[in-house]
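J.: Each protein sequence line maps, in turn, to chains D and L. For the first sequence, the working numbering assigns the number 1626 to the last residue and increments by one with no breaks. For the second sequence, the working numbering assigns the number 253 to the last residue and increments by one with no breaks.
Incorrect hints may have been included.
[Said to hold, decoys possible] Derived lysine-lysine pairs resembling BS3-like cross-links, with alpha carbons at most 25 Å apart:
| hint | chain 1 | residue 1 | chain 2 | residue 2 |
| --- | --- | --- | --- | --- |
| 1 | D | K1526 | L | K121 |
| 2 | D | K1526 | L | K238 |
| 3 | L | K121 | L | K238 |
The hints are simulated quantities; they were obtained by calculation from the structure and are not laboratory data.
Spelled out, the chains give:
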Amino acid sequence: MVEATNASAKDGPALTASGLELPVVAGPADVRPGLAERLGVPGQFPFTRGVRPGMYRERPWTIRQLAGFGTGRDTNARYRLLLDQGATGVNGVFDYPSLRAFGSDEERARSDVGRGGVAVDVRDDFDDLFAGIPLDRVSISLVSSQPIGAVPHLAMFLRSAERRGYAWESLSGTSQNDFLMETAITIAPAALRPADSFRFECDLAEFANRHVPRWNPVSVTGYNYREAGADAVLEMALTLAHGQAVARELRSRDLDPTSFLPRLTFFLDAHSDFFEEIAKFRACRRMWAHWVRDEFGVDDPVSQRFRFHVQTAGVTATARYAHVNIARSALQGLAAVLGGTQSLHVNGYDEALCVPTEHAALTALRTQYVLLHESGVAGSADPLAGSYLVENLTDQIEEAGQRLIDEIDRLGGIVAVTDQGWTHAELSRRAFEYQKAIETGERRVVGLNLDVGDDSEIEVFQLPLHAAEEQIERIAAVRARRDEVRAADALAEVADACRSGVNLMPAVLNAVDSDLTLGELGGCFRDTLGNWHFPL
Amino acid sequence: MTSALRGRKAVLAKLGMDAHWRGVMVVANALRDAGMEVVYIGHATATELVAAVVEEDPALVGASTLSGNHLVECGHIATTLREGGFDDVVLVAGGAIPPADVPSLRAMGFDAVFPTGSSLQSMVEKVNGLVAVREALRHER
């Protein structure tokens, strides 16, 4: 049976999940002098208390539930269901081959077509995916995590939107577009080198800055760094170091910081350690604002704001007692809201088992309504400000995060340390430590090492299995209709752009106009720039 | 307790295009701690996995996937290994595998399956037992 206590209140765990010191009782002596300056007021430098003066009274967080599976038509139905039920944004994830710009018709890809996200191969797939959704009113997050996929995805999305009569200027949304996702956080049979992937990321950002002004061209995905093994401190350090690298690169391309900084966005994890997570969100805002002011000399408040999306921690979901994940996600979502997130995805309770069923997805959506409408926590901005404990943890995590950022800078910056395998080693070591802490019982998890009795099975999502076949047919149909000479010329132009170092987007848009497929473009990128082996 | 694994080789692979490496690296660390030499070959088709088995002569082959492609990809692997005559290698799979699919993988020829939530300790003990039995059979022949 279950032991009555975890650690007794008297002993108290001495450290937070990421190793910050946790006082048994926090008091005034635990908060450094100068708190008023470190806090400011919501909506003003250094934004510790939030990016808007009135926070959620001024604008509720966007309810942005992640969805994607099967074909464009399958996923469109799920988007519409979520929008009909009150979601206020679309958050579209792509399947494993599409993220990596592999074709659904390739041998390695076939068993993953439509899995973990929606399959896209040609521009027509984007027509299906967003059919009936008003692109000038609903913001669209393209979870095109890997720049090798993000560049062609955005080109296909822009051409599809154009065909429906939307001007680029009217489109609002986000490309996830994160080179660490391509080179360190997730793996694939083939990947670009970190420097090449980073260039793709910045090419997209530069192009969007010049031509799609309401588009957030990068969402630095700290969430996934955390899920791959980072603790809160490393998540924060990698996120900020990466954001800083993008900002420096865009400035070196002669873009005005006050035009691109307001469009850089971030994506963070809400993990289990409640107060540590709240501290992390608050500290990230403060650190980013300081960095923008101190390194870029930018005083424009809109440029100093660290805006972020949060997802509850998939890695904390257990397969046993899946319904208990509803409680976990609700607590994690609460931490995100108390930390001042701009948008939120709450995980389905079946996260550890499968893509969410409709029941799990709607339960997660309704959890957001409990937070927003029932709990009362949205009524007052940064409600935990001044808490001895939260301020203490916010200061601690800021210092620990800054030490790691300084180390990354000393080792040559985020692109270099990733190329050298430092990022992978740091993630891998922490992931192993996390698992060992669960196995020794140092970290208690219901369903893993605490209360592991009998379980009842839940309904598991059954993926429609027609996706691969339909995508292969669609690719064949597009190839049959296109002008092969024009397609070959367009592909050669893409290869030239890869080699010459000019911005890739114009050549890729032209390739989409010539009906080249995602897999053909990905193949061209990899063949031209070479394959990189993950240092794992 | 894990003596059968000491000094023996494990080949670990990812299947299809699954993108998650955390689990397989954690398992690699645990097997190394148990004394195994671990060769992680990254993503492999069934043919590539067999080539690695020929090259490395492992006692254990572990296939990792969290994308949901396990029924298809594990089927290819089991068939290809069997056709190649590699029946003295212990074959295991792990990842986001719904419990309902475990019997199917066992029927394909996987000696053990470790779904989400499996502990490292139980996994190491299980493969140790499997490798020990396989070794004993090998000596009898």
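J.: Does K238(L) sit within 25 Å of K121(L), going by the straight-line distance between their CA atoms?
T.: 16 Å, holds
J.: Is it true that the CA of K1526(D) sits at most 25 Å from the CA of K121(L)?
T.: This hinted pair holds, its Cα atoms lying about 23 Å apart.
J.: Within 25 Å, alpha carbon to alpha carbon, are K1526(D) and K238(L)?
T.: 18 Å, holds
Hint violations for this structure: none, all hints satisfied.
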